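Peer 1: Protein chains in written order, with my numbering: chain A, 1432 to 1764; chain B, 42 to 339; chain C, 1098 to 1461.
In case anyone wonders, no lab produced these hints; they're calculated from the structure.
Owing to the predicted nature of the structure, the values given are computational and were not obtained by experimental measurement.
C-beta: ideal position from N, C-alpha, C; glycine also.
Where hints are given, some of them may not hold.
To be verified - Sample of chain C residues at the chain A side, in silico, Cβ under 10 Å:
hint, residue
1, Arg1224
2, Ala1229
3, Ser1238
4, Val1242
5, Pro1252
6, His1256
7, Ala1279
8, Ser1281
9, Val1284
10, Leu1336
11, Arg1433
12, Val1436
Unchecked claim - Not everything, but these chain A residues come out facing chain C in the computed CB check (under 7 Å):
hint, residue
13, Gly1518
14, Arg1606
15, Tyr1662
If you want the building blocks of each chain, they are given just below.
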Amino acid sequence: MGRYVLRRLLQFIPVLLGTMFLLHYLQTVSIQINGNPITALFGDRQPPPQTLAAITTAFGLDDPCLQQTGNPCLGMFLDRMSGYTQGDFGVDFNRQPITRLIADAAPVTVRLTIIAVLFESLVGILAGVVAGIRKNGFADNFIRLSTTLVISVPVFVLGVLVQIGSGLYVGVWLRDNGAPEWLSAAFSVTYQTDHPWASLLVPGVVLGAFSLGFIARLTRTSLIETLRADYVRTARAKGLSRRRVVGIHALRNSLIPVVTYIGIDLGALMGGALVTEGIFNIPGVGGLVFGSVAAGETPVIIAVVTMLTLVFLLASLLVDVLYAVLDPRIRYE
Amino acid sequence: MSELATAATAGHTERSGSLWADAWRELYRNPVFVVASVVVLIVMSWAVFPTLWTSTGTDGGTCELVDSRLGPSSEHIFGTTFQGCDMYSHVINGARPSIIIAVLVTLATTLIGVALGVIAGFYGGWLDTVLSRITDVFLGLPFLLGALVFLALLGEQNIWTVSAVLVVLSWPPITRIMRGSVIQVKALDYVEAARALGASNMSIIFRHILPNSIAPVIVLATLYLGGFVSAEATLTFLGVGLQIPEISWGITVAQGQDYAIAGYPHLLIFPCAALIITVLAFIVMGDAMRDALDPRGR
Amino acid sequence: MSATQDIKPADTVGIGREASEKQSRKEAARSDALGFDPSAPLLEVEDLHVEFRTREGVAHAINGASFSLSEGETLGILGESGSGKSVTAQAIMGILDSPPAFVTGGQVRLRGVDLLTLPEESRRLVRADRVAMVFQDALSSLNPVFTVGHQLAEPFRIHRGYSKQEARKEAASLLDLVGIPAASGRVHDYPHQFSGGMRQRVMIAMALALDPDVLIADEPTTALDVTVQAQIMKLLADLQAERNMGLILITHDMGVVADVADKICVMYAGRIVERADVHSTYGNPAHPYTKALLESIPRVDLKGQQLATIEGLPPNLTRLPDGCSFEPRCSWARERCRVDDPPLYDVGAGRQSACHYYEEVLGS
């Protein structure tokens, strides 16, 4: 197992390098086609050419390769790589170190993701089990219908609608009726620094909703399949109660693909966090990317995406390790 | 139990037929699938022939700022947008970019994914190793984040760049599924038999491998259609997809967001409903197809 | 097995809980309170009917099966796929998947108590404790994600309330009993780490855990190599003799039955078509189907000749014919067989055949 993990970690290097180069190349091509982003920064009030040139140099955007369309600017890429390996991720246009921006934003996103993962796994698995045990019953049909609906609603639509519904109608009603502050914070339109968990509750639910539908469906299918397995019949022949047959013998097996999915989903949640944080004005990593995209701050985008890709890769490694823990038939070497 | 099932159906000779014929029979008898298909056809017709549905033309008609944010009336049955344009016309015309992108991207990813999957699965060896590693790299990119960043860095946002970025990010799952499916089919006896009879690689691929391994890809592609409609709207909503003056559901929702809070819910309800119903129809279709093609899940 | 003490009606099982304390919970979990009468016959199945309600229609899987089993006796149930032999076993165990399967009639009496009328909670206590079952494919019948020790310990923990350590110790001694080398070390292994024959031994150990009165073995050797088959059959026979269990052996293999069974039931299309002791059946079958089955066994002395086969397919269980269900494939069939379903005729001492023309079959 140790050697397997090591080998996987080594395989991360080409993936990370590939991602970073792709991002770098997109950036250079964009500058080569659209011109110096510093010019765009000042809009209508352009500074004198000397100042512009000085700022451009300060941000390392004075490389002549940026004038030659199609040139991959390998020199710039190597400079950035050597900076990254020394922990220097550069600065944004306000001269803030990018590492600090990320350090400020990450805890918020981690909290949001925890809420989303807890919500989607607990409710999703519960719904899937309820549907799976009584296949084609009322609960099953209801859960199948509602999960299909949930899966079909794009995150941003759900976010916008929930924001209005919870923030405006429920939130206002709660405040008018003297609900405790944390409760009305949970149903406010935006993030509130004083209530770091409560005010992320509703955004977390929105973020986890899509995967909740998926997890419920996956649990249901998997449980139905497992309940047909021979070893479930054996468990019944042993005189075990139905609760134990389903809860121990069937569920343990049917949750293996579900756990795998939840692990993979961590990556998808980062994409979703982008949207959710944008809509609810949450100062997380998604909000950081969102803001950088709007301002055209490519160094921030590249640094954050590189970091998120690493998180994504680590999550997928965790899933594979977990897989071997859950299913003794799987052995890595 | 299975031996009983075999015994119970033994003697039913009239119920034979290929997987596809059986699946098709199952599908057109399924009312849910029929309704979903009709919805998909209607939305497709909004995209291709918007003038059949609205007389205001493909640009959304004339917009009068004095008519801004009017509620539904006999003149504007869905009300008007923030700019005072007819909401109904925007809902109809907003289908076009979503549908074009969804169809384009699905076709392209399916072609690329199937081709690469067949090459990797059928030929194996170093080709498979290289292709699988490349697939891994692209699978490692988070979809929405990748699309947003690529589009933002490209700086050029229209139907073509959005499509291109979606294709780049979504071929790997199809390649991987196709590869697995091909490897499974390749090992079956009739493929061995065909090879023993001297069939060429090309004829084995097109006559035996493809027809028998493409079912899971078709199902995924149908689900993809719904996913891309949603992806286009999301990227546009985030400001890195289509730009004004294009008409798109994502733009309409983004513009309606602020004013809906201020008490004009129709600015959100109609474009959101159109989007949800479209995605739902595609997903229901895909689900029904999966059930029909894979009887185990029932 | 001490079924002597209190003879209570079946529905009072739960009352034992009033006595509080852990000890009483252990007692309540036993099947003793169900009113078994030690002087009654061990197992009697009478006129059992099972049907499967499916989308294609109602399949009549078992149509009136009757047989009995006493201590130390081995009953072979013989038949081809779909004849209803496995369904019979699962109906006795009460582990049919319902829906689609429904027991629509008959009795399964264990020591005088009709198991079919017991509520599920009491029925559960009978399983493994009184009647246990060995399945065909041990790899798929053992749970892949739990150790063998955990699965063997489960009956002790559930039915007897043993502690983890006690149950684990019992598990190890069971593995030893069925001849698994280095048993105490192997309780921590998972099913996939055992060979096919060893896995089947684990299955047998699990069935024997609570010392049941009746053991049902459903094709216990079909998935195994021929040499291993013989070892497993010998193990089963030895353990049965040692414990004086009733054994029901379900198989499609005439050879296996001939070696170990005392009496035999031949099933066809959900009915018992012939019932007799092994020797008379093998020497002189009284039903055309049994005769055909015997003729289709390869024999050394008939080397070089064409092997007899049974033409045609078993009937569709959703549309059983009015007359004898074997009629379309039978070389003795007459006009009467098409309209008149034969009852089980007594054809000799303790032997029955469901054939109108059994005399001709016997004489041939």
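Peer 1: Under the constraints set out in the numbered hints, which ones does this structure not fulfil?
Peer 2: Going through the list in order, the structure violates hints 7, 8, 9, 10, 11, 12, 13, 14 and respects the others.
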